[in-house]
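Undergrad: Now for the letters of each chain:
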Amino acid sequence: MLALLFILFAALAIGCALAVVAQRNPLYSAISLIGVFISLACLYVMLAAPFIAAVQVIVYAGAIMVLVVFVIMLLNVEEEEHRRTRLKFLVPVAVALSAVLIAEVAFILVSVQEFRVSPTAGGSNVGVTSSIGSALFTRYLLPFEITSILLLMAIVGAMTLARRGGLLSPNARVIPGAQLFARSMVDPMAAPDDLRAVEADSTQEAADLLGMNRRDRNESA
Amino acid sequence: MDTAIDIALKFAAITVAFTVVLLIVAYTVLAERRVLGLIQGRLGPNRVGYGGMLQPFADLLKFIFKEDIVPDKSTRFIYFLAPVIATMAALMTMIVYPFGPEIRIPFTSITIPLVIAHFDVGLLYVLGVTSVGVYGIALAGWSSNNKYSLMGGLRSAAQMISYELALGLSLIGVILLAGTLDLAQIVELQSGWHGFRWFIFFQPLGFLIYLIAAIAETNRVPFDLPEAETELVAGFHTEYSAMKFALFFLAEYINMFTVSMLATTLFLGGWNVPFAEDIFGRGTFLFGLVSAIGFLLKVIFFLFIYIWLRGTLPRFRFDQLMDFGWKILLPLALLSIFITATLIFLFPNL
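In the order they appear, the protein sequences are chains A and B.
Quick note: the first sequence uses the working numbering, first residue 1, plus one each step.
Quick note: the second sequence uses the working numbering, first residue 1001, plus one each step.
Careful, some of the hints might be misleading.
[Unchecked claim] Below, a list of computed lysine to any residue pairs in the SDA-like style, where the Cα atoms sit at most 20 Å apart:
(1) B/Lys1010 - A/Leu4
(2) B/Lys1010 - A/Ala158
(3) B/Lys1327 - A/Ala162
(4) B/Lys1073 - A/Ala162
(5) B/Lys1066 - B/Ala1292
(6) B/Lys1073 - A/Pro26
(7) B/Lys1073 - A/Met1
(8) B/Lys1327 - A/Val156
(9) B/Lys1327 - A/Ala158
(10) B/Lys1073 - A/Leu74
(11) B/Lys1010 - B/Ser1074
(12) B/Lys1010 - B/Val1021
(13) B/Lys1062 - B/Met1243
(14) B/Lys1327 - B/Ile1172
(15) B/Lys1327 - B/Gly1168
(16) B/Lys1327 - B/Ile1337
(17) B/Lys1010 - B/Phe1347
(18) B/Lys1327 - A/Pro26
(19) B/Lys1073 - A/Tyr28
(20) B/Lys1327 - B/Met1243
(21) B/Lys1327 - A/Tyr28
What the hints contain is simulated information worked out from the structure, not anything from laboratory work.
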């Protein structure tokens, strides 16, 4: 039963991973990647690590991939589809790198053979919520805190970049998540089905772009 | 052989649970229309069946027989996938909620827990599956190739991501108190004080934040920006018709039901009915029945709050929504965690 489920989820993971590479449409690739993450989460559950499985889904499938999907949705997808030959020189590099990866996996499979434990070995509390928590907050406290400071810095940096210094007037406000508009909504000259993104940093600028201040500022890329 | 029977039983339980959920959802829709009618001084649908009791089935038939229109320039595959993702993510959380205590079947010694899947990290499972649900809406908005849909999808995803933070943080207080992510244990811990030791009394602020964030998560009034009719036609499901629209509709109401169940489980004591244990005794069939009914009533109370709010409040503006989420709810949630953690540190035996 377990073996059957393992084969199912492993096949799903590999199939989705292949689809990530093979699809020409970036959005399909992203959706396949979500599939990979979810099948991996299922495998983690089978390995008696439900916490890691849940975090895998919450962080990777639920948060990071949402951002990726957003970026792809707001960029022009078709352009990439037509330029099939553009990065052709990377194919041998990819083959070489994947050969290295496969060699690594083979090496691990061969050399770590004797340490193999049965997947149902009881008594282990690796991957259980409490053991992860106590490890993170005792033994690995410093790396944990440093990582969180790193993430905080990334957030502050993103805010700084998004606000772009002194461009904002004092009474303008930044609306998180509302900085991107479809061009056809902002620019009266654009084709009605033009969904390329137009950036606006604030209520002020959005109002300007939308012509609500009766100023002629149609275009910004 | 035993595992085969086990699996068959689980499948049966899941089927029954989904059916019950769908029935409840159908009647929530009817209740919403009737209660809104009451609030707005009109009758609401009361013609089909006694008092409109068969209206949900009439609606279903209508959904099935409507023409299914697919926009010409839509991305076909994703256009079909989106409602499926939305409904699936909404339904999948149903299986982890304990809706009653362990009961003994009368005249036998078999005990069964009134929960379908007992999962160590049930709470995280719920959060994880709900966070996948955002794809349904975002992809629907994108694949329809319609600017209103796209704007609705973007708004919805931005809103869900923003409020997910406050929602998650508001739950941490409960996790701190309970010391576990297992929903069944969390409910069990609330059975003290004659079944009245509900976590809402320890976490009033957390409960309030959860309630608000949950309404925003489910895109309901006053946070229903993604489908603001006055600006966006119908938001992300503008181009959807017939059963595909019905699936989105369904997903929204199932999500309402889910967050209500989570609120009940975490803050209102789950299936704990005050004094029920003293009267019926633990493990009896009647105790299980009363507890399950109590659980359902609490969930229905939350559903009523949803409808009540819809009949009462106007819609937020988008910047107000984001300001409220990031500048008020999030700091308040952090404050709530800080207070809870400090109190637990100072009085560990409480």
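Undergrad: For each hint, tell me whether it holds in the structure or not.
TA: Hint-by-hint comparison with the structure:
1. B/Lys1010 - A/Leu4: holds, 18 Å
2. B/Lys1010 - A/Ala158: Given that 20 Å is the threshold and the Cα spacing comes to 47 Å, the pair is violated.
3. B/Lys1327 - A/Ala162: The given pair, whose Cα atoms are some 18 Å apart, holds under the 20 Å limit.
4. B/Lys1073 - A/Ala162: violated, 33 Å
5. B/Lys1066 - B/Ala1292: violated, 37 Å
6. B/Lys1073 - A/Pro26: holds, 18 Å
7. B/Lys1073 - A/Met1: violated, 44 Å
8. B/Lys1327 - A/Val156: With Cα atoms ~16 Å apart, B/Lys1327 and A/Val156 stay inside 20 Å; holds.
9. B/Lys1327 - A/Ala158: holds, 18 Å
10. B/Lys1073 - A/Leu74: holds, 17 Å
11. B/Lys1010 - B/Ser1074: Between B/Lys1010 and B/Ser1074 the Cα gap is close to 38 Å, so the pair fails against 20 Å, i.e. violated.
12. B/Lys1010 - B/Val1021: This hinted pair holds, its Cα atoms lying about 16 Å apart.
13. B/Lys1062 - B/Met1243: With Cα atoms ~9 Å apart, B/Lys1062 and B/Met1243 stay inside 20 Å; holds.
14. B/Lys1327 - B/Ile1172: holds, 19 Å
15. B/Lys1327 - B/Gly1168: holds, 16 Å
16. B/Lys1327 - B/Ile1337: holds, 16 Å
17. B/Lys1010 - B/Phe1347: Status violated; Cα separation ~42 Å.
18. B/Lys1327 - A/Pro26: violated, 35 Å
19. B/Lys1073 - A/Tyr28: holds, 17 Å
20. B/Lys1327 - B/Met1243: violated, 39 Å
21. B/Lys1327 - A/Tyr28: violated, 35 Å
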